[in-house]
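J.: Going letter by letter, the sequence shown gives residues 454 to 996 in this note's numbering.
Hints in this document: simulated from the structure, not taken from any laboratory.
Misleading hints may appear alongside valid ones.
Simulated crosslink set (BS3-like; lysine-lysine; CA at most 27 Å straight-line) [to be verified]:
hint: 1; residue 1: K563; residue 2: K483
hint: 2; residue 1: K483; residue 2: K577
hint: 3; residue 1: K577; residue 2: K590
Across the chosen pairs, the derived CB separations fall in these ranges [stated by the list, open to error]:
hint: 4; residue 1: D922; residue 2: E886; range: 18 to 26 Å
hint: 5; residue 1: N616; residue 2: I476; range: 56 to 64 Å
hint: 6; residue 1: Q790; residue 2: C853; range: 37 to 45 Å
A virtual CB, placed ideally from N, CA and C, is assigned to each residue, including glycine.
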Amino acid sequence: MNTIQNCQIRVLHLDDEPISLDITRLFLEKSGNIKVDSVNHVHDALRLLASSRYDALISDYEMPVMDGIEFLKEIRESGYDLPFILYTGRGREEVVIRAFNNGATFYLQKGGDTRSQFTELTQKVTQAAGQYRAKQKIQHLYQIFQSLRTVSGTLHGSEEIDNKLQKVCDYLSSGKGYQNVRIVLFNRDNSIRAVYQSGLDERIDELITYLKAGNRTSCTRRALEMRPDPVICEPSQTCSACPLFSDHQGQYALTMRLEHACVVYGIISVTLSSDFAEDFDEQAMFSELANVIAYAIHHYSLEEEQTAMEILMGTSRKLHIINSITRHDIRNQLTTQMNIYELLLECAESVPEIRQYITILGSSINSIQEHLVFADVYQKIGIQRPRWLSISAIIEGITCSHEFGDIAILHSVGGIEVFTDVMFGKIVTNLIENAIMHGKRVSTIRIGFQELMHQGVLIVEDDGIGVADELKEKIFERGFGNNTGLGLYYTREILGITGMEISETGVPYEGARFEIKIPKKGYRKKKGSEIADLTAPLVSEGV
Numbered sequence: 454m455n456t457i458q459n460c461q462i463r464v465l466h467l468d469d470e471p472i473s474l475d476i477t478r479l480f481l482e483k484s485g486n487i488k489v490d491s492v493n494h495v496h497d498a499l500r501l502l503a504s505s506r507y508d509a510l511i512s513d514y515e516m517p518v519m520d521g522i523e524f525l526k527e528i529r530e531s532g533y534d535l536p537f538i539l540y541t542g543r544g545r546e547e548v549v550i551r552a553f554n555n556g557a558t559f560y561l562q563k564g565g566d567t568r569s570q571f572t573e574l575t576q577k578v579t580q581a582a583g584q585y586r587a588k589q590k591i592q593h594l595y596q597i598f599q600s601l602r603t604v605s606g607t608l609h610g611s612e613e614i615d616n617k618l619q620k621v622c623d624y625l626s627s628g629k630g631y632q633n634v635r636i637v638l639f640n641r642d643n644s645i646r647a648v649y650q651s652g653l654d655e656r657i658d659e660l661i662t663y664l665k666a667g668n669r670t671s672c673t674r675r676a677l678e679m680r681p682d683p684v685i686c687e688p689s690q691t692c693s694a695c696p697l698f699s700d701h702q703g704q705y706a707l708t709m710r711l712e713h714a715c716v717v718y719g720i721i722s723v724t725l726s727s728d729f730a731e732d733f734d735e736q737a738m739f740s741e742l743a744n745v746i747a748y749a750i751h752h753y754s755l756e757e758e759q760t761a762m763e764i765l766m767g768t769s770r771k772l773h774i775i776n777s778i779t780r781h782d783i784r785n786q787l788t789t790q791m792n793i794y795e796l797l798l799e800c801a802e803s804v805p806e807i808r809q810y811i812t813i814l815g816s817s818i819n820s821i822q823e824h825l826v827f828a829d830v831y832q833k834i835g836i837q838r839p840r841w842l843s844i845s846a847i848i849e850g851i852t853c854s855h856e857f858g859d860i861a862i863l864h865s866v867g868g869i870e871v872f873t874d875v876m877f878g879k880i881v882t883n884l885i886e887n888a889i890m891h892g893k894r895v896s897t898i899r900i901g902f903q904e905l906m907h908q909g910v911l912i913v914e915d916d917g918i919g920v921a922d923e924l925k926e927k928i929f930e931r932g933f934g935n936n937t938g939l940g941l942y943y944t945r946e947i948l949g950i951t952g953m954e955i956s957e958t959g960v961p962y963e964g965a966r967f968e969i970k971i972p973k974k975g976y977r978k979k980k981g982s983e984i985a986d987l988t989a990p991l992v993s994e995g996v
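Using the sequences provided together with the hints, build the complete structure.
T.: Below, the structure written as structure tokens:
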């Protein structure tokens, strides 16, 4: 945090006597913490005040053109509120009263012991500058705080996000604490999505061209690479390659990435006085501003996804209706064909030469029926939004609603829930039925869960004959196997909706083992539950 002790104090000293200017400058600058600009004419003082920043002003009283108090009135009427120290050889009481009545901060009379005099002047300069900077800081932070309230209200309005972000930039740079403001948003592939700015009108086209070419300003790179705290830089020292370099001379920049829920949407960068850039409270306020903007962008992104999902769901429902009607009509026609097929079978007993054609017709009818079954199941994939489902509840539901004879269904999945399609229960059922159908000698099916570093793995394994190495991938192909392989085909399709993968990893003749890999964000534990290790004894539930 900046303090008056570790920041150089800039003082403007006005006196018509050159020797007084030189002596005062030498004594004040001996501290190493004060830098003095000396002028001997009121017009020069006014010119420097207009072009430079000072923390205090020292003025003589008796001078040509106007005296020290008239000069004080002039600067106060011009809007300068920096500390004013009247430093003069005149000691009349009425001068002191007029000085304080017109806004002087301190009054110090020349003369007496030189060392004591300049020690006192140094103390008054340091004290006045400290109070002035503290006042400026409070005013500045209050302006930023007010800006936060306005920005928050703007971002929660009903306008499009583009208009909101542009209004935020305009407001922040309109005398509310920041000189220039820019917000840069990125797409997921790190390309530029949009740039919003205020105060950079002459350079903005050059900046956008620079960014779209794949370049990043040094402050942006650091903000994206570092921990989520503001990046502070003095542009004239660190940003010579930036298109904004010439606009930022003498200013500091604060840059921070716009991040919410572990998603980085872009950056916000502002320029401001060096007095504030390294201040802890300023950085905290800027961080809060960035967080407010990031949350608004995140919320808007969710709304976009929601709208897209609703459109997709609406389209899916329409397709569902069309497909249902189509399948209904096909089934009606298929019923007619089945009746004719039965009649032809009877005819084939007396006309053997047509039997081979009737057999072909029967195979075609069976194939159509299988396609209808597949279409009916496949249509349901993704119709409803993914949701959190309890694996143990799914397994218990299966064991209660299905009859598996003497086969034991054992599980140790604890309180794991997965974020997936509502048909996930059908997947588990299908894997169990596949094990019973193809495993030949299956007596036990075990279902467990392993949590790895970057993913979770749901395991369904049996003690049957297993799957030959050359068939481990083919079993997931559509049309494979005695029952057309539709079950494992749509199992992989359903899992793929939420980023899951399935593979068969068992040892041939020792049993099949299906592993469903679930992304880290795709599963969670219920509070208070523990996941049993697969090597621990498995407990039978719902058998």
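J.: Take the hints in turn and mark each one as holding or not.
T.: Taking the hints in turn, this is what the structure says about them:
The suggested pairing of K563 with K483 holds, with an alpha-carbon distance near 19 Å, which does not exceed 27 Å. As the CA atoms of K483 and K577 are separated by approximately 15 Å, the hinted pair is consistent with the 27 Å bound. Between K577 and K590 the alpha-carbon distance is near 20 Å, which keeps this suggested pair within the 27 Å criterion. Against the hinted window of 18 to 26 Å, the Cβ-Cβ separation of D922 and E886 comes to about 23 Å, which satisfies the hint.
Our hint of 56 to 64 Å for N616 and I476 holds, since their Cβ atoms are close to 60 Å apart. Between Q790 and C853 the C-beta distance comes to about 39 Å, which sits within the given range of 37 to 45 Å.
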